[in-house]
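Per the numbering used here, the very first residue in the sequence shown carries number 14; after that it's consecutive.
Everything labelled a hint here was simulated from the structure, so no lab data went into it. Please note: incorrect hints may appear among the correct ones.
What the hints assert, rightly or not - EDC-like cross-link-like pairs, simulated, lysine to aspartate or glutamate; straight-line CA separation at most 16 Å:
1) K166 x E228
2) K56 x E403
3) K310 x E228
4) K350 x D470
5) K452 x D470
6) K372 x D470
7) K389 x E449
8) K56 x E402
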Amino acid sequence: MSDEVSYQVFNYVADCFINVPVAGRAEEDTCEYVCRWICQQLKIKPVVFALVGLRVHGEKWFLAGCSRPSTDKKYDFRLRFKVPEFSCLKALDQELFNYYYSQLRYDLLHNRIPEIDYRKYENKILGYVVNDMYRKMIEDKVGVNELKRDCEKYIPRKISRDLTVCFVNVAQKRVFKLLNSIQNRDHDVNYVKNVYINDIDNIAPGYLYEEYAAEIQYPRGEFSSRTGKCPVKLRFQPYGTAATVRDTTKYGSTGGGLERTLEHEEATTTPGLKVFYASKWQHVTNIDEILTILVEKLTVKLALEDQSEPYCIDFHDQTELNSFVTCLAGYYRLMCKWTVYLCQDYLSSPSLDLLKELKCHGPIGGKYSTDKIREKNSSCGACIIRQCEEQYDTYYVDMLETDGLIKTYKLIHAADQWHVQSETEEQVYRYNQLTEALKSLNPEITSVYRLPPSDNDTAPNLLLCRPTLKSSPKRLLRGGTQELGQKRACIINAAKELVINRNPVEDETDGFTKRTRADFLLPNNSKMEVTLKLLKNEKEGDYLKYDVDGNELPLPEPFSYVYDKLMAPCFKRNPHERMTFSELLEELNDMINQYGEPIY
């Protein structure tokens with residue numbers, strides 16, 4: 014295969030560049046196509062496909078999934094997004110776990126982990142060398158004498174280059190003494206790899222985190238006299254390294270609004286998007302507080318909760334900007350809403366776009382699918398189409414049939430056709446359209462309703478990066494529909510659950526509301542700072558349903574069915590009769606998903 018018709022991508026397992034053929038059709042010639050081709054070669058499953066990415070070789074920036082690679086450049090195929098527990102990665106996909114081990118090992122040997130000071134962690138590094146050699150002994154049945162001949166392959170280049178020959182010789186003697194002492198122990202190779210991965214993660218927890226250089230406007234406060242923009246470093250940290258309770262006040266839209274400086278220790282141990290300037294880390298936002306991402310030339314605008322204006326970040330390079338945007342968008346999919354790509358209007362995920370076009374779920378698994386069918390639609394013909402977790406281009410259809418049981422059918426998409434295997438014979442039927450294939454599954458069912466994927470789907474196979482720690486106060490308040498139902502979130506008692514201090518009050522641009530800050534008291538004896546939007550005193554007579562004497566005000570015009578069904582029950586005079594917020598969400602979901610979407 015020649016360089017002219019292939020991409021060169023570094024494979025950490027093979028420890029060399031491999032040639033990936035250019036896609037035959039231009040619309041398929043994307044970064045995601047290259048990653049998928051490599052995953053198929055390495056037998057990495059679709060269930061973990063969203064964790065990997067393509068990085069420009071010799072640089073720190075990743076390509077967007079929809080970007081077209083260049084045959085003039087080289088790339089690295091990498092596990093990009095960090096999961097909360099690497100033991101979970103092993104359970105999800107053994108091959109990706111093995112690949113990550115090879116990636117981590119390569120970066121340690123080539124001094125690509127900035128957090129590791131080789132002089133400070135000298136003994137630990139030698140321990141990793143022993144661990145890696147022991148792994149080789151178990152995995153490939155290699156003896157100690159053979160490892161001695163290839164010893165240089167296991168010692169980090171920096172140690173071999175910077176330290177004296179005498180020290181290296183002493184280190185090698187220590188290494189082989191330890192190897193001789195453990196070579197006959199009966200250890201599982203996955204256990205050895207897991208020890209290696211977890212120990213390096215303990216001393217370099219930011220190994221997979223990405224750091225970017227950009228500019229923001231000078232924040233208010235200590236920089237109130239400065240104008241223009243200041244250079245900063247940006248980093249998104251998906252997980253905290255210590256369990257702490259904190260509030261989540263963010264910057265204002267251009268660095269000039271509400272802000273909170275974190276102590277260095279707290280800033281580096283709590284999750285979220287961070288910005289570093291003037292020798293201090295500051296917290297910008299949590300990932301679930303980003304509403305959308307807009308891009309204008311080299312400026313990224315983050316629309317954040319509780320902020321009327323976007324938070325603006327200026328970059329100097331388009332590749333770096335795209336890498337930053339896809340970092341946030343990727344973690345948002347893997348931690349919050351798998352079906353949402355935050356910067357859809359600028360960059361997208363071709364594989365996600367295809368699933369949406371097919372109204373197909375991701376690799377949610379059979380149990381989650383059948384539970385959803387039973388919950389959302391109990392009528393005959395209700396079905397869910399989902400990606401297979403194990404094989405590419407393979408889909409399952411879970412359908413509720415006439416006997417009340419849910420039956421699963423298998424579809425394969427190949428050569429632009431849908432292949433259906435007959436149950437009674439070995440013949441395979443081919444259809445040009447997915448709707449035709451669905452009709453053929455059970456001709457006795459006259460109406461088939463395809464339940465579409467939802468932004469609120471919380472299948473564990475989708476949210477691979479969602480933290481396994483206890484929910485934060487913010488999530489207790491703002492979880493998904495099921496979480497809200499469990500917490501019984503409702504219209505709050507302001508007198509008991511809100512503490513309003515002497516905070517400044519600002520007028521909103523709508524002309525009839527004002528804004529201030531307050532502390533919301535949570536059930537777990539913690540509190541969270543929130544923004545209150547209040548009706549101005551002089552506008553109460555225009556917008557409240559009851560006047561000060563308790564008389565009902567006339568409605569300005571007839572209200573729709575939606576108001577009567579959803580809004581009116583929330584504002585009944587008797588608080589015990591009011592619809593709770595969770596009931597409101599359930600009512601909305603029932604209205605939207607009662608019958609799903611008929612396909613014919």
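Results for each hint:
At most 16 Å may separate the alpha-carbon atoms for a hinted pair to count; K166 and E228 exceed this at roughly 42 Å. Distance check on the hinted pair: K56 and E403 sit about 9 Å apart at the alpha-carbon level, within 16 Å; holds. The suggested pairing of K310 with E228 holds, with an alpha-carbon distance near 14 Å, which does not exceed 16 Å. Restraint check for K350 and D470: the C-alpha separation of about 7 Å stays at or below 16 Å, so the hint holds.
Restraint check: the Cα-Cα separation between K452 and D470 comes to about 26 Å, which exceeds 16 Å; the hinted pair is violated. Only pairs whose Cα atoms come within 16 Å are accepted, and K372 paired with D470 is accepted, the gap being roughly 14 Å. Note on K389 and E449: the hinted pairing is violated, with a Cα-Cα distance of about 24 Å set against a maximum of 16 Å. With a CA separation close to 12 Å, the supplied pair K56 and E402 stays within the 16 Å bound.
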